[in-house]
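Start from the sequences, fold in the hints, and give me the full structure.
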Amino acid sequence: MELKIGSQDLARALGRSQGIVERKSTMPILSHVLLEAKKGNELQISATDLDLSVSSTHTCEVAKEGALAVSAKHLYEIVKALPEQTVTLKRAGNNYLEVKSGPSEFRIVGLPAEDFPALPRFEKLTFVDIDPKSLLDQIERTFFAASNDETRYNLNGVFFEPQGAVLRLVATDGHRLTVSERPLAGDFGLKKGVILPKKGLSELRKLLTEAAEVGEEKSTSQLGFAENSAVFKRPGVILVMRLIEGLFPDYKQVIPKQGEKIIKLGRQRFLETLRRVSLLSSDKSHAVKLELSAGTLRVLSQNPDLGDAREDVPVEYAGEPLKIGFNSRYLTDVVAALKADDVQLELADDLSPGVLKGAGEPDAGYTAVVMPMRI
Amino acid sequence: MAGEKRTILHLDLDAFYASVEQLDDPALRGRPVIVGGPSNRGVVCAASYEARRFGVRSAMPTSQARRLCPEGVFLNPRFSRYGALSDQVFGVYRRYTPLCEPLSLDEAFLDVTASRALHGDGPSIAARIRREVREETGLTVSAGVAEVKLAAKIATDLGKPDGLTVVPPGGVAAFLAPLAVGKLWGVGGVTEAALRRIGVSTIGDLARLPESAVSAALGADRARGLRALARGEDEREVVPDEAARSVGGEETFEQDLTGEVALARALLLQAGRVGRRLRAARLRGRIVTLKVKYADFTQVTRRVTLEAPTDDDRLIYRTARGLLARIEAGRPVRLAGVTVSGFDEEAEAPPQLDLFGGPADAGLAAPTGARRRQALHAALDKLADKYGERTVAPADLSDRGEAERWPVHRRRDRE
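These protein sequences, in sequence, are chains Z and Y. Okay, so the first sequence: first residue is 74 according to our numbering, each after it adds one. Okay, so the second sequence: first residue is 581 according to our numbering, each after it adds one.
Hints are computed from structural coordinates only; laboratory data are not their basis. Please note: incorrect hints may appear among the correct ones.
Derived SDA-like pairs (lysine to any residue); straight-line CA-CA distance at most 25 Å [unchecked claim]:
hint: 1; chain 1: Y; residue 1: LYS871; chain 2: Z; residue 2: GLU75
hint: 2; chain 1: Z; residue 1: LYS146; chain 2: Z; residue 2: SER104
hint: 3; chain 1: Z; residue 1: LYS163; chain 2: Z; residue 2: GLU75
hint: 4; chain 1: Z; residue 1: LYS271; chain 2: Y; residue 2: LYS871
hint: 5; chain 1: Z; residue 1: LYS97; chain 2: Y; residue 2: GLY839
hint: 6; chain 1: Z; residue 1: LYS97; chain 2: Y; residue 2: ARG898
hint: 7; chain 1: Z; residue 1: LYS97; chain 2: Y; residue 2: VAL884
hint: 8; chain 1: Z; residue 1: LYS271; chain 2: Z; residue 2: THR369
Next comes the structure, spelled out in structure tokens:
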């Protein structure tokens, strides 16, 4: 293998692999990227952790075809720091990779390409064209509510549920839940919803962000599902992630019908108030108390070791008073994810979930449900 | 506290595990009962006094115990039952003082100095505790009373079984003097031999010797410490029960286990035991630790923090099972253990309610099924207390084959 490629192109391509490779894996090959110099002046770079893989193709000058696996981290660090615009990569004896750029020369210990796990191939999938911006928005607004608790593996991802002409994304950690619905033209051919893991979604976000930035034609980003994998592709890149096996909880039953107490308040102000008042919340619970009365929402925090804080926020509300506790993080996560000028908060009583929505078009199809804390 | 005379009680349940077995099964009374790991690689956890006559001792390999006492009744330990009884016994102790320092399930120090005004002097408190423990649990406990921990512990040993030994105030040094120097804490075989070389065989010999002579044999630090102990100077205080930091158990397998399936079964059994002990102690922890010792004695531990504290067998099992992925399950494993720690200290924090409990459960902050599992555990724990640990067990733990298992059920159907 021998090829010449732009240093920046290569650095960008290797950057993609950094979130995927396992740094501390029991299998050393999984900390490597696979470099394949192919016919037609193409370099293919692949990384995998066996559940998630990304492969990308880059234009280069191939002097000799061949392949080699090298440490993803070290190659990336080296390429980022190279002095010249171009770099040559050459496989030397004993699986060494020679990296030359101007006056610099590196020799990196590699592993034979045959040791690299075979990446899954999906030729006959039905792909649906997606709007990268729209999907990115849906992922970003739901993602944060997914659980980090490894033991609740079925909640460690985002539920994708295509329904007719709508794609619904749902995430929950058992305490709060986010739902985003957007129109979708096309049919994934899925019989039921599937759960996409957080790690895979993080990488998918990066690819969607790139796509959104270059403003590609809509039809160039595509998503498809195989039996137990999700596949995303855009020109030159393909991402495959293994789906989480397991049942997603029956989320519909926990989304309350419209609550009796509907409060409307300025989004930015609410966010700032929550952030200020929660400075004195306990580090573990992040609890804040909301005291609702006609025209005013009082936000309070109290910490036996530190002191207390409170702030009154003007609201549109004329109903009965209510006191209710929440984890302030759960509220700020949602309020920060909204876009409209005003937030609508729907409450029933101090032990029932609160519903948050944006009061306006940019937040159409988005709902968050947050369970209170007992106070 | 220096200068003020204290009253320390040392309490030790007699042949605890073995006594519990004899208590629960009258047919075992008067017979040599040996509780220990069932395999020949296990060790004796407890031997009844009948068994001790054959020379069986705690910590002896089970195989040796079998040779010494072939007619002995060898039983698997039922730690959750022992734990429950131990809790009950400690409850009696704590009636007399909050200064109760457990050394193990069956052994404790009590500082009753401040309790004397209310409950009488040391010997009478010890006598009352002994009586109440016997009346309420059926177990016998031996007691030692002295001004210092060392003497109280030695006194208990001298009176065993079912004895009460009192070292009178001011009499600690005299009490210790005739005893072999090996009775002192920290004097093992090597130290004992070193002391014998300088003519010390009793604690009194050591107390009388000038410090310089002892230093020459043992080094200055140890000499000072041991000589002080020998003279009955033991300043150590009774450190009241620090809340338990972890609940766990481990098991050395009869044969090394290899592969996740075999290990998972062992973890299922242990998770059940840990869960029961947690529930008995009303503890819930959020850290689950898996410890594995490979056949070559190298050891690894893996831990994971849960989102919420738990005492649920199934969650402990699943978590420990998940940790298996992070060990080399392909290597032969000699020992595995599951521990739960990280008990919730912030008990007063407002509890986060759970979405998936339904409105009826919301007020109890119980996640889906949690209340049902609580009820299930309560019922299973009762059955296990009454009929033994494996009365109802996960089907995965059944040792019997299908053919043997089903007829049992059919027989019951006809009843």
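Original post:
Tell me, which hint numbers fail for this structure?
Top reply: 1, 4, 8
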